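Residue numbers (the numbering used here), protein chains in the order written: chain A, 23 to 594; chain B, 23 to 594.
Treat the hints loosely; a few may be bogus.
Heads up, the list lumps identical chains together, so a pair's fine if it works in one copy or across two of them.
No farther apart than 30 Å at their CA atoms in a straight line, the calculated lysine-lysine pairs in the DSS-like style are these [claimed, not checked]:
(1) LYS459 / LYS352
(2) LYS498 / LYS70
(3) LYS57 / LYS70
(4) LYS198 / LYS57
(5) LYS423 / LYS498
(6) LYS427 / LYS208
(7) LYS498 / LYS539
(8) LYS198 / LYS423
(9) LYS553 / LYS198
(10) LYS208 / LYS459
(11) LYS352 / LYS423
(12) LYS553 / LYS423
(13) LYS463 / LYS137
(14) LYS70 / LYS427
(15) LYS553 / LYS137
(16) LYS327 / LYS208
(17) LYS66 / LYS198
(18) LYS208 / LYS198
(19) LYS463 / LYS208
(20) LYS359 / LYS198
(21) LYS137 / LYS402
(22) LYS198 / LYS517
(23) LYS208 / LYS466
Just so you know, the hints here were simulated from the structure itself, not pulled from any lab data. The structure presented is a predicted model; accordingly, all values stated were derived computationally and were not measured.
One letter stands for each residue in the lines below.
2 protein chains.
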Amino acid sequence: MGNIPCETRITNAQLVDVFTGSVIENCEIYVDQGKIIDVGCHCKASAKQTIDVGGAYVTPGLIDAHVHIESSMLTPVRFARLVVPFGTTTIITDPHEIANVLGTRGIRYMMREAKRSEMTVFFMLPSCVPATPFETSGAALSSDDLADLIDEPEVLGLAELMNVPGVIAKEDDLLKKVAMTLNLGKRIDGHSPLVCGATPAYAGCGVTSDHEASTVSEVNERLSHGIRLFMREGAAAQNVEALSQTINERNARFFSLCTDDASPDDVYTNGHMNHVVRRAVENGVDPIEAIRMATINTALHFGLKNKGAVAPGFDADFVIFNDLTHWQVKQVLIAGKPVAENGSMLTPEPVIESDREVLGCVKIPMLTTEAFAIRAHSGKAHVIGLHDGDLINDHLTLEVKTDTKGFVSCDDNPSLLKLAVIERHHATGNIGLGLVKGFVKEGKRFGGAMASTIAHDSHNIVVVGDSDDDMLAAVKAIEAMQGGLVLVRNGRIVKSLTLEIAGLMTNEPAPITAVRKTQFINSAHELFHVKESMHPVMTLSFLPLAVIPHLRVTDLGLFDVDSFKHIDINVQ
Amino acid sequence: MGNIPCETRITNAQLVDVFTGSVIENCEIYVDQGKIIDVGCHCKASAKQTIDVGGAYVTPGLIDAHVHIESSMLTPVRFARLVVPFGTTTIITDPHEIANVLGTRGIRYMMREAKRSEMTVFFMLPSCVPATPFETSGAALSSDDLADLIDEPEVLGLAELMNVPGVIAKEDDLLKKVAMTLNLGKRIDGHSPLVCGATPAYAGCGVTSDHEASTVSEVNERLSHGIRLFMREGAAAQNVEALSQTINERNARFFSLCTDDASPDDVYTNGHMNHVVRRAVENGVDPIEAIRMATINTALHFGLKNKGAVAPGFDADFVIFNDLTHWQVKQVLIAGKPVAENGSMLTPEPVIESDREVLGCVKIPMLTTEAFAIRAHSGKAHVIGLHDGDLINDHLTLEVKTDTKGFVSCDDNPSLLKLAVIERHHATGNIGLGLVKGFVKEGKRFGGAMASTIAHDSHNIVVVGDSDDDMLAAVKAIEAMQGGLVLVRNGRIVKSLTLEIAGLMTNEPAPITAVRKTQFINSAHELFHVKESMHPVMTLSFLPLAVIPHLRVTDLGLFDVDSFKHIDINVQ
Numbered sequence: 023m024g025n026i027p028c029e030t031r032i033t034n035a036q037l038v039d040v041f042t043g044s045v046i047e048n049c050e051i052y053v054d055q056g057k058i059i060d061v062g063c064h065c066k067a068s069a070k071q072t073i074d075v076g077g078a079y080v081t082p083g084l085i086d087a088h089v090h091i092e093s094s095m096l097t098p099v100r101f102a103r104l105v106v107p108f109g110t111t112t113i114i115t116d117p118h119e120i121a122n123v124l125g126t127r128g129i130r131y132m133m134r135e136a137k138r139s140e141m142t143v144f145f146m147l148p149s150c151v152p153a154t155p156f157e158t159s160g161a162a163l164s165s166d167d168l169a170d171l172i173d174e175p176e177v178l179g180l181a182e183l184m185n186v187p188g189v190i191a192k193e194d195d196l197l198k199k200v201a202m203t204l205n206l207g208k209r210i211d212g213h214s215p216l217v218c219g220a221t222p223a224y225a226g227c228g229v230t231s232d233h234e235a236s237t238v239s240e241v242n243e244r245l246s247h248g249i250r251l252f253m254r255e256g257a258a259a260q261n262v263e264a265l266s267q268t269i270n271e272r273n274a275r276f277f278s279l280c281t282d283d284a285s286p287d288d289v290y291t292n293g294h295m296n297h298v299v300r301r302a303v304e305n306g307v308d309p310i311e312a313i314r315m316a317t318i319n320t321a322l323h324f325g326l327k328n329k330g331a332v333a334p335g336f337d338a339d340f341v342i343f344n345d346l347t348h349w350q351v352k353q354v355l356i357a358g359k360p361v362a363e364n365g366s367m368l369t370p371e372p373v374i375e376s377d378r379e380v381l382g383c384v385k386i387p388m389l390t391t392e393a394f395a396i397r398a399h400s401g402k403a404h405v406i407g408l409h410d411g412d413l414i415n416d417h418l419t420l421e422v423k424t425d426t427k428g429f430v431s432c433d434d435n436p437s438l439l440k441l442a443v444i445e446r447h448h449a450t451g452n453i454g455l456g457l458v459k460g461f462v463k464e465g466k467r468f469g470g471a472m473a474s475t476i477a478h479d480s481h482n483i484v485v486v487g488d489s490d491d492d493m494l495a496a497v498k499a500i501e502a503m504q505g506g507l508v509l510v511r512n513g514r515i516v517k518s519l520t521l522e523i524a525g526l527m528t529n530e531p532a533p534i535t536a537v538r539k540t541q542f543i544n545s546a547h548e549l550f551h552v553k554e555s556m557h558p559v560m561t562l563s564f565l566p567l568a569v570i571p572h573l574r575v576t577d578l579g580l581f582d583v584d585s586f587k588h589i590d591i592n593v594q
Numbered sequence: 023m024g025n026i027p028c029e030t031r032i033t034n035a036q037l038v039d040v041f042t043g044s045v046i047e048n049c050e051i052y053v054d055q056g057k058i059i060d061v062g063c064h065c066k067a068s069a070k071q072t073i074d075v076g077g078a079y080v081t082p083g084l085i086d087a088h089v090h091i092e093s094s095m096l097t098p099v100r101f102a103r104l105v106v107p108f109g110t111t112t113i114i115t116d117p118h119e120i121a122n123v124l125g126t127r128g129i130r131y132m133m134r135e136a137k138r139s140e141m142t143v144f145f146m147l148p149s150c151v152p153a154t155p156f157e158t159s160g161a162a163l164s165s166d167d168l169a170d171l172i173d174e175p176e177v178l179g180l181a182e183l184m185n186v187p188g189v190i191a192k193e194d195d196l197l198k199k200v201a202m203t204l205n206l207g208k209r210i211d212g213h214s215p216l217v218c219g220a221t222p223a224y225a226g227c228g229v230t231s232d233h234e235a236s237t238v239s240e241v242n243e244r245l246s247h248g249i250r251l252f253m254r255e256g257a258a259a260q261n262v263e264a265l266s267q268t269i270n271e272r273n274a275r276f277f278s279l280c281t282d283d284a285s286p287d288d289v290y291t292n293g294h295m296n297h298v299v300r301r302a303v304e305n306g307v308d309p310i311e312a313i314r315m316a317t318i319n320t321a322l323h324f325g326l327k328n329k330g331a332v333a334p335g336f337d338a339d340f341v342i343f344n345d346l347t348h349w350q351v352k353q354v355l356i357a358g359k360p361v362a363e364n365g366s367m368l369t370p371e372p373v374i375e376s377d378r379e380v381l382g383c384v385k386i387p388m389l390t391t392e393a394f395a396i397r398a399h400s401g402k403a404h405v406i407g408l409h410d411g412d413l414i415n416d417h418l419t420l421e422v423k424t425d426t427k428g429f430v431s432c433d434d435n436p437s438l439l440k441l442a443v444i445e446r447h448h449a450t451g452n453i454g455l456g457l458v459k460g461f462v463k464e465g466k467r468f469g470g471a472m473a474s475t476i477a478h479d480s481h482n483i484v485v486v487g488d489s490d491d492d493m494l495a496a497v498k499a500i501e502a503m504q505g506g507l508v509l510v511r512n513g514r515i516v517k518s519l520t521l522e523i524a525g526l527m528t529n530e531p532a533p534i535t536a537v538r539k540t541q542f543i544n545s546a547h548e549l550f551h552v553k554e555s556m557h558p559v560m561t562l563s564f565l566p567l568a569v570i571p572h573l574r575v576t577d578l579g580l581f582d583v584d585s586f587k588h589i590d591i592n593v594q
């Protein structure tokens with residue numbers, strides 16, 4: 023009320039007012055103790071210091087409605103430093119990946135680390151861990167496990183209810199998870215790519231958002247059933263171009279923007295939530311509606327009472343843009359303090375010791391090259407045929423050359439690579455084997471092995487190669503690093519990226535990780551001849567996911583997604 | 023999913039889809055166990071019975087965002103039967119009036135009764151009881167009292183934070199009420215007529231809605247500060263015409279509709295929430311936006327997860343309209359069952375015994391006519407000058423004729439009436455006296471007394487008259503009725519309306535109460551010559567409210583609102 027001076031006044035702003043949907047010219051914003059005290063053209067407050075933004079646009083801090091931090095390979099603290107300079111001040115994250123490795127211990131780690139970061143991190147609890155019964159995960163999350171977490175104030179609900187058949191079949195423990203979330207008035211996020219017919223059942227069980235829509239008809243069916251659209255533009259999937267045409271002034275309020283997955287190299291190139299907003303505007307969405315989709319719409323949906331608007335009582339998280347066309351972020355303020363300018367954080371990288379709780383997550387027994395022996399004595403094998411730029415694959419049945427004992431080698435079958443998925447959480451010795459076609463450029467040899475501990479959703483070790491010796495060396499390198507990515511040729515490490523935290527993330531800063539990841543991918547393409555159209559790490563990481571058609575390998579063996587059962591590699 | 027037949031299918035509907043903001047032609051709705059199972063043009067479900075609505079419009083059940091049930095003079099059960107036939111299936115009520123009489127006991131009574139009604143009733147807890155320290159109320163509600171209620175599932179937050187000076191001065195117990203509400207993630211409703219300058223402080227303390235705006239500038243200031251507008255059209259105030267022009271497609275989502283006060287006679291004439299929708303549309307609001315303001319907007323604001331839309335998982339509360347122009351309600355379904363048709367409930371009035379807890383609320387000591395003696399020995403008195411059609415009054419200083427001892431009689435001063443406010447909760451014998459000008463038509467005599475136990479906000483007995491004998495008789499009649507309205511002439515009751523429940527409501531059915539109230543008002547106008555432009559009951563009931571300018575009377579005496587203190591009637 024003007025009685026006591028505030029800490030900070032921001033002057034000369036063009037404020038994007040998300041409530042009226044208009045821009046307020048020549049606006050002042052008063053901030054004290056991290057909160058907005060007053061906003062307008064005729065404020066009565068006074069302030070100790072002034073930030074003159076020189077006529078720039080001020081928007082609320084951007085909110086990512088759904089993102090898996092782990093897919094950035096960065097810890098929450100490093101991730102925040104990656105994305106905050108691009109205007110993202112709040113995220114709603116689903117720690118699904120680490121939960122598959124470490125269960126509630128992994129989720130608690132993410133919650134602890136998130137509190138140390140500059141941004142506000144809310145959580146949705148992974149609803150389906152393990153993802154399928156056809157693999158061995160590091161942990162399983164029952165409704166009892168989630169009951170310990172669902173009460174936490176930063177937990178907003180249940181993430182990615184992906185088990186649509188489970189919902190429809192009314193699986194007992196899944197329904198318990200749903201009920202306990204709804205009883206607390208928290209939210210359930212959907213995950214239903216292309217399952218239009220099931221939308222009523224899905225909506226009926228309390229799902230009120232979905233980020234998997236990729237077609238216009240999906241959007242309309244979801245909206246009519248009260249399911250909000252989280253329109254996604256991220257490292258793994260880009261839906262903004264296809265979906266923006268469905269947005270109009272009447273339904274825009276039920277859209278939010280999200281990235282789902284972020285990769286540090288992409289973020290440095292394109293930006294983060296500012297890029298999603300830019301893509302929406304490029305595709306015809308009104309700029310203020312686009313900002314609303316990245317701010318107030320998401321805040322209201324999740325009941326974030328102090329986020330998503332520049333108005334009294336709200337947290338003083340702002341993004342300053344020079345224009346609403348290019349969406350270059352000039353400055354970011356969090357809790358009223360400048361934290362990033364012109365793409366960089368204002369503070370140096372902090373020194374952080376890794377939490378022992380999440381280290382040492384690769385436990386495998388002694389292996390020999392025999393582990394990779396594949397027998398197809400019929401001379402015919404089930405083979406995974408990879409697609410370019412698409413995670414769906416083909417289930418091929420191919421003639422293969424074998425030795426006299428029926429064993430298959432890549433030397434005899436130069437178009438094929440061997441694939442192995444090795445259980446790495448409990449040292450069970452489980453290993454699933456398969457053959458892959460289409461990873462390498464036509465007429466080229468891979469010439470070694472590539473291994474990773476990012477392998478959806480159980481994140482066992484996945485290794486591909488044309489040499490049993492190199493495959494073994496790659497797995498041993500992974501074990502030595504206790505997680506990460508490695509390229510091996512002739513028994514020597516060509517390139518590696520250590521992911522020492524749960525085998526999924528690294529404590530290294532984002533810029534270093536971005537460079538290492540780029541170099542790793544370039545090496546895979548240039549030295550190991552992985553097809554240019556194929557993302558080597560992502561392609562490999564989805565080969566064990568037993569819900570994407572048509573043929574997968576888990577640590578329990580080759581898996582036919584169409585018949586939903588494990589099969590032998592040898593065609594009978 | 024079509025496996026088991028639903029109870030009911032509604033066919034041939036034009037569904038108002040509040041999510042997409044469009045009308046879906048030829049739509050089907052499937053209902054089972056009170057919930058919507060599926061909605062659309064190509065549903066897979068089957069049903070045991072079919073309701074063909076013949077191409078009529080189907081909207082979600084209408085929600086009144088803010089209403090005081092008590093001002094209808096009806097109990098919650100009777101109130102529901104009054105308004106449900108006009109499409110209102112959910113209300114958010116503030117039991118402010120009964121709380122001033124009976125405190126938490128009164129609120130609990132309303133909660134119990136509400137559960138017995140056909141509609142869904144949510145509560146906002148009265149934040150300021152008593153309204154001022156200048157009167158004696160039946161009860162006071164501290165933050166401790168409210169703490170016992172705020173957890174209840176039907177309680178959505180704190181109502182009418184009307185103590186703006188208290189908010190700004192950071193009054194301790196008020197801030198406790200605010201904090202405990204916000205901590206539970208519940209809502210705080212504002213009440214700030216014309217106090218534009220205080221909006222930032224108001225918003226900053228967590229107020230997110232307000233129903234008192236009556237001008238365009240108030241609307242815009244509130245909206246920009248994140249305060250939603252509850253646009254009101256009720257018995258006591260009508261703001262829709264003035265405010266509708268401020269609504270556009272960008273801000274409509276932040277508007278809700280409410281009545282604030284409903285009178286049974288008005289409702290039978292005009293309707294209830296269907297009338298508010300009609301008024302909005304008549305004043306240029308898009309019909310679908312108007313429906314959203316009476317359904318999903320309010321549900322989302324208050325976090326009512328199953329209300330406000332016709333979509334799977336929502337409660338099966340529908341209104342069937344023949345058109346979106348006249349807003350005549352054809353049929354109302356609640357929880358999938360028809361409950362009203364063509365303006366009437368389908369069930370007969372229930373027999374309900376009144377709850378003893380809320381009876382016997384008029385406690386006064388023995389009075390004589392001396393109680394009404396007014397002395398103005400200076401020959402000059404402070405007099406309340408009533409306005410036509412406006413609750414604000416004038417503070418007049420008039421010459422008065424007195425007898426030799428300085429006592430004022432109405433016989434000697436035919437343009438004046440005596441006014442008395444008698445404490446009726448604790449039999450303290452407190453009585454405040456005043457003189458009133460402008461209640462009666464020019465050149466006519468009142469000729470008796472009128473008394474009421476509806477007297478804002480403490481609801482003491484207010485009595486007005488030109489005969490001390492009749493004033494005493496009126497108060498005695500009120501005591502005998504244990505609450506209500508009465509007109510007395512020559513010691514005999516001319517007309518009365520018993521309000522036996524807390525002195526505010528009656529257990530009689532709405533149609534009877536509507537007729538009695540109309541007859542009472544007509545008698546006041548025709549037989550007692552109250553000005554036609556003046557609502558006799560409402561005018562009387564607001565005379566003790568010590569926050570409306572300029573001169574009031576409470577049980578503690580004459581009160582000057584401008585200097586905010588009690589004054590003597592005699593001008594010194």
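*Within a copy, between copies, both or neither: where do LYS208 and LYS198 come within 30 Å Cα-Cα?*
both (14 Å within a copy, 25 Å between copies)
*How do LYS553 and LYS423 come out at 30 Å by Cα distance, when the copy is not named: within, between, both, or neither?*
Answer is within; shortest intra-copy Cα gap is 24 Å, inter-copy 107 Å.
*Please work out whether the CA atoms of LYS70 and LYS427 approach to 30 Å or closer within one copy, between two copies, in both situations, or in neither?*
Close neither inside one copy (84 Å) nor across copies (65 Å); limit 30 Å.
*Evaluate LYS498 and LYS539 at a C-alpha cut-off of 30 Å and name the case that applies: within, between, both or neither.*
within (20 Å within a copy, 89 Å between copies)
*For the identical chains here, do LYS553 and LYS137 meet the 30 Å Cα criterion within one copy, between copies, both, or neither?*
neither (41 Å within a copy, 67 Å between copies)
*Can you tell me if LYS57 and LYS70 fall within 30 Å by alpha carbon in one copy, between copies, both or neither?*
Cα proximity of LYS57 and LYS70: one copy only (15 Å, versus 56 Å across).
*State whether the alpha carbon distance between LYS463 and LYS208 is at most 30 Å within one copy, between copies, both, or neither.*
Cα proximity of LYS463 and LYS208: none, with 48 Å in one copy and 59 Å across.
*30 Å Cα cut-off: does LYS208 pair with LYS466 within a copy, between copies, both or neither?*
Neither way: LYS208 and LYS466 sit 53 Å apart in one copy and 64 Å across, limit 30 Å.
*Classify it for me, LYS198 with LYS423: is the Cα-Cα distance of at most 30 Å met within a copy, between copies, both or neither?*
neither (51 Å within a copy, 79 Å between copies)
*Quick one: LYS459 to LYS352, C-alpha cut-off 30 Å, is that within a copy, between copies, both, or neither?*
neither (47 Å within a copy, 65 Å between copies)
*For the identical chains here, do LYS359 and LYS198 meet the 30 Å Cα criterion within one copy, between copies, both, or neither?*
Between copies, since 29 Å is at most 30 Å while 42 Å is not.
_If the cut is 30 Å between Cα atoms, do LYS66 and LYS198 qualify within a copy, between copies, both or neither?_
Answer is between: at 26 Å across copies they meet the 30 Å cutoff, but 52 Å inside does not.
Checked against the numbered hints given earlier, this structure breaks hints 1, 2, 6, 8, 9, 10, 11, 13, 14, 15, 19, 21, 22, 23; the rest are met.
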